[in-house]
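S.K.: Sequence:
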Amino acid sequence: MATLSPTTKRGRIFFVLYATFGIPLCLIFLAGLGDRLTKAKENLEKRLDRNYCPQKPTMDKACRTILIVVLGLVSFIFLPSVFFVRREGWSYNDSLYYAFVTLTTIGFGDFVPAQHEDVRWLYKLLLGVWVFVGLAWLATVISLLRDFFNNCLQKASGERKNTQDNHEKNVTDNIKQSLPNLQSAVGPGSLTKC
25 MATLSPTTKR GRIFFVLYAT FGIPLCLIFL AGLGDRLTKA KENLEKRLDR
75 NYCPQKPTMD KACRTILIVV LGLVSFIFLP SVFFVRREGW SYNDSLYYAF
125 VTLTTIGFGD FVPAQHEDVR WLYKLLLGVW VFVGLAWLAT VISLLRDFFN
175 NCLQKASGER KNTQDNHEKN VTDNIKQSLP NLQSAVGPGS LTKC
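First residue of the sequence shown: 25, per our numbering; consecutive thereafter.
Since no wrong hints were added, every one of them can be taken at face value.
Straight-line distance between alpha carbons at most 25 Å, and here's what the computed SDA-like set of lysine to any residue pairs gives:
id, residue 1, residue 2
1, 70, 174
2, 70, 176
3, 33, 133
4, 65, 125
5, 65, 150
6, 65, 97
7, 85, 170
8, 63, 74
9, 65, 49
10, 63, 51
11, 63, 170
12, 85, 175
13, 70, 95
14, 85, 181
15, 148, 58
16, 70, 172
17, 65, 174
18, 63, 173
19, 70, 98
These aren't lab readings, by the way, just hints derived from the structure by calculation.
All chains should be built: construct the whole structure from the sequences, respecting the hints.
M.R.: In structure tokens:
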């Protein structure tokens, strides 16, 4: 149910050429916006460290990650959904669905905002800004969550490696301690050194 698509041969050729240059430029723009959001996230983390998060490093990282994700969800999903309920007349459930599907770039096209005849240019502009900033925010959150889960996995695999190393050391120590007893039971010189 797309609202805009080229239908003529010339329109489709123009679209392909425009997208060939427009998509990389858009990605550059989003990367720059993502860098700015990352800096804002780091500033927010510093404030959270000083004011709200515990001083333990592992809790600190988890606290910051949770707070940033929640603030972003409120700012880019939950509050805009309230606005869509009021402006578009959608249910809150449909508005949440639309916000999530749009910002994750799934975009089925089953809900399209700004289709009323009284839609003003400012509303369409604000929708565009919301989409671009929301995409950059979501990329930042995905990166943040990826780093968080990677750290958790590395820590878990490190602990598992330490446990395995300790187990191997214990087995080796037990064997070494048992060798003198075995040699005395079997007889001297019958067991070779390990």
